[in-house]
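Given the coordinates of chain A, assemble chain B onto it according to the supplied hints.
Each chain, written out:
Number of protein chains: 2
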Amino acid sequence: MKIGIVGLGLIGGSLALELTRQGFYTVGVSRQEKTCCLALEKSIVCESGVDLQLLGKCNLIIICTPIKFILSTIENIIPYLPPETIITDVGSVKGAIALPARELWKNFVGSHPMAGNANQGIEFAESGLFNNAPCVITPVENTPSEAIKNVREIWQRVGCRIYQTTPELHDQAVAWISHLPVMISANLISSCMEEEEQVRSFAQNLASSGFRDTSRVGGGNPELGLMMAQYNRQQLLTSLKKYQQNLDLLIDKIENNNWEELAQILRETHRDRNKFL
Amino acid sequence: MKIGIVGLGLIGGSLALELTRQGFYTVGVSRQEKTCCLALEKSIVCESGVDLQLLGKCNLIIICTPIKFILSTIENIIPYLPPETIITDVGSVKGAIALPARELWKNFVGSHPMAGNANQGIEFAESGLFNNAPCVITPVENTPSEAIKNVREIWQRVGCRIYQTTPELHDQAVAWISHLPVMISANLISSCMEEEEQVRSFAQNLASSGFRDTSRVGGGNPELGLMMAQYNRQQLLTSLKKYQQNLDLLIDKIENNNWEELAQILRETHRDRNKFL
Chain A
115 MKIGIVGLGL
125 IGGSLALELT
135 RQGFYTVGVS
145 RQEKTCCLAL
155 EKSIVCESGV
165 DLQLLGKCNL
175 IIICTPIKFI
185 LSTIENIIPY
195 LPPETIITDV
205 GSVKGAIALP
215 ARELWKNFVG
225 SHPMAGNANQ
235 GIEFAESGLF
245 NNAPCVITPV
255 ENTPSEAIKN
265 VREIWQRVGC
275 RIYQTTPELH
285 DQAVAWISHL
295 PVMISANLIS
305 SCMEEEEQVR
315 SFAQNLASSG
325 FRDTSRVGGG
335 NPELGLMMAQ
345 YNRQQLLTSL
355 KKYQQNLDLL
365 IDKIENNNWE
375 ELAQILRETH
385 RDRNKFL
Chain B
115 MKIGIVGLGL
125 IGGSLALELT
135 RQGFYTVGVS
145 RQEKTCCLAL
155 EKSIVCESGV
165 DLQLLGKCNL
175 IIICTPIKFI
185 LSTIENIIPY
195 LPPETIITDV
205 GSVKGAIALP
215 ARELWKNFVG
225 SHPMAGNANQ
235 GIEFAESGLF
245 NNAPCVITPV
255 ENTPSEAIKN
265 VREIWQRVGC
275 RIYQTTPELH
285 DQAVAWISHL
295 PVMISANLIS
305 SCMEEEEQVR
315 SFAQNLASSG
325 FRDTSRVGGG
335 NPELGLMMAQ
345 YNRQQLLTSL
355 KKYQQNLDLL
365 IDKIENNNWE
375 ELAQILRETH
385 RDRNKFL
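Chains as they are written, first to last, in our numbering: chain A, 115 to 391; chain B, 115 to 391.
Only chain A is shown next, with the shape it has when bound in the complex (with noise of 0.2 Å):
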């Protein structure tokens, strides 16, 4: 089987790579010319140029560019692909690509691996990143059986856990346990900075564990805070509300002195933590 690989960034990279150890022939296609080199060099795929016609023989193609170019590089490669070749991608919303993908190529089904870490680019491409990480399918009405399950055993292949369900669904989860992360997260760090500066530069001493990690996701890659936004924008909006309600009434909780309600809350939260983790 021929596996095509488009984008080869941190997930692109590390996908080839993995797939390469296993004895695929992987295709590494990017728009530079010098990603083409290492990948080659470093042997994290069998063939790589700019070029996208190089994919015409592939088999199977995973699109790893971000999400704002995953359409129109569907569009660019289709010139080349008999019309039995299936595509996947690896965007991290599913309802704006999903539908719109399925209406350029029947072959199409979507893919969400949730992996990654702090770093980006080829250079940082690892083997083992996809292991037990969980990965969302989401095929839509009428994709045909046969790519839904050969897009399952790539994914397999790597290490991850499958799971399958609607764009929508998808995207309704993951406003929940990323993509509001992110926002809630970030608007600490943008409120802390705007505490005046004898506050803030002590509060900057004393920040430890618990500050870092509630900022973590905050301060992490702005393009793909902003990509999580734009795309997933309308369930990110419906989380983002019932958070703000939330906090209003928690705030109001504690103005009011309502410090049973307060425990109440507070040890719900405890307890219910375990069932995300």
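Possibly wrong hints are sitting among the right ones.
For chains that are exact copies, the list does not tell them apart, and a pair is met inside one copy or across any two.
Here are the simulated SDA-like pairs of lysine to any residue, each with C-alpha atoms no more than 25 Å apart in a straight line [claimed, not checked]: (1) Lys182 to Tyr194; (2) Lys182 to Glu382; (3) Lys182 to Ser259; (4) Lys356 to Gly273; (5) Lys148 to Leu218; (6) Lys355 to Asp327; (7) Lys389 to Glu155; (8) Lys356 to Asp366; (9) Lys116 to Ser259; (10) Lys220 to Pro196; (11) Lys182 to Thr352; (12) Lys356 to Gly334; (13) Lys116 to Phe183; (14) Lys182 to Lys367; (15) Lys148 to Lys355; (16) Lys148 to Lys171; (17) Lys263 to Glu189; (18) Lys355 to Asn370; (19) Lys148 to Gly242; (20) Lys116 to Thr352.
If you are wondering where the hints come from, they were derived from the structure by calculation, not from laboratory data.
Bear in mind that the values here come from a model prediction, so they are computed numbers and not experimental data.
Same frame as chain A, now just chain B:
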């Protein structure tokens, strides 16, 4: 030098253990006979009992009870103390403690060693717990300089980095880097739990490091979270309201597709987080 420790939980136990190992004569007082026995058995203290009178011979006494018992503990021990005895505490708020405690006892100096972990109880006492932790001491007007010097020295001996400021500035700073994070993190958990069952259970499957880190402090000890709110109510409300205002603005930006302004915020939070860590 004889050191008394009142309250033998994780903090009191760890402090006693470290001081005992360093050769200080330590006297541990707990309300529970069982805890006293354990402290002796494990050589955490040199002497232990439930009777506050034991503290009469100590030069320095460290109150390691929950915040709500600090002032009453000081009231209960002073009948046994000669006037030169120095008293400090480990409470995570200082305004509600340092001024009234100073009224009760001239040689009182408020302390807040910022150490700890998710464990509770003397069973988890560990000697290195304070190593490299920040410790804020908050003397007030007329606090004797000899008392300040002794309290600084004891925290330095267990490995703390010492900061000295007013109770008010301490409370403002910890509201931002400790108490506000607990509330926004708890609010994330309780908001997620209100999502409908189908979405929530799917989200629970996918939650990983981002959710884990952002929700960690909100799922912590509920009694501690409640006490932060009760005893640092005013400073916490100030930071919560600033956070709330900024959250409202952030939501507006997403609703109005102000992507350039959101991108600017996320670039700043990416850059500014390092200043705190």
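Status of the hints after comparison with the structure:
For a Cα distance limit of 25 Å, the shortest separation of lysine 182 from tyrosine 194 inside one copy, 21 Å, qualifies, whereas the shortest one across copies, 72 Å, does not. Taking the shortest Cα distances, lysine 182 and glutamate 382 sit within 25 Å of each other only across copies (22 Å), while inside one copy they are farther apart (39 Å). Taking the closest pair of Cα atoms, lysine 182 and serine 259 never come within 25 Å of each other, the shortest separation being 27 Å inside a single copy and 63 Å across copies. Proximity of lysine 356 and glycine 273 under a CA criterion of 25 Å is satisfied in neither setting, with 35 Å inside one chain copy and 44 Å between copies.
When the C-alpha separation of lysine 148 and leucine 218 is checked against a cutoff of 25 Å, the pair qualifies neither within a copy, at 30 Å, nor between copies, at 72 Å. In this assembly of identical chains, lysine 355 and aspartate 327 lie within 25 Å of each other by CA distance both inside one copy and across copies; the values are 23 Å within and 21 Å between. When the C-alpha separation of lysine 389 and glutamate 155 is checked against a cutoff of 25 Å, the pair qualifies neither within a copy, at 44 Å, nor between copies, at 38 Å. Taking the shortest alpha-carbon separations for lysine 356 and aspartate 366, both the intra-copy value of 16 Å and the inter-copy value of 14 Å come in at or below 25 Å.
With identical chains, the CA atoms of lysine 116 and serine 259 are at most 25 Å apart within one copy only, with a shortest distance of 20 Å there and 77 Å across copies. Within a single copy, lysine 220 and proline 196 get their C-alpha atoms as close as 11 Å, which meets the 25 Å cut-off; across copies the closest is 87 Å, which misses it. Proximity of lysine 182 and threonine 352 under a CA criterion of 25 Å is satisfied intra-copy only: 22 Å inside one chain copy versus 39 Å between copies. Taking the closest pair of Cα atoms, lysine 356 and glycine 334 come within 25 Å of each other both inside a single copy (23 Å) and across two copies (22 Å).
For the identical chains of this complex, lysine 116 and phenylalanine 183 are intra-copy neighbours only, at 23 Å inside a copy versus 69 Å across copies, given an alpha-carbon limit of 25 Å. Only between protomers do lysine 182 and lysine 367 lie at most 25 Å apart by alpha-carbon distance; the minimum there is 19 Å, versus 42 Å within a single protomer. Proximity of lysine 148 to lysine 355 under the C-alpha cut-off of 25 Å is found in neither arrangement, the shortest distances being 44 Å within a copy and 49 Å between copies. For the identical chains of this complex, lysine 148 and lysine 171 are intra-copy neighbours only, at 23 Å inside a copy versus 74 Å across copies, given an alpha-carbon limit of 25 Å.
Taking the shortest alpha-carbon separations for lysine 263 and glutamate 189, only the intra-copy value of 23 Å comes in at or below 25 Å, while the best inter-copy value is 72 Å. When the C-alpha separation of lysine 355 and asparagine 370 is checked against a cutoff of 25 Å, the pair qualifies both within a copy, at 23 Å, and between copies, at 14 Å. In this homomeric assembly, lysine 148 and glycine 242 come within 25 Å of each other (Cα to Cα) only inside a single copy, at 24 Å, whereas the closest approach across copies is 49 Å. Taking the shortest alpha-carbon separations for lysine 116 and threonine 352, neither the intra-copy value of 41 Å nor the inter-copy value of 59 Å comes in at or below 25 Å.
In summary, the numbered hints that this structure violates are 3, 4, 5, 7, 15 and 20.
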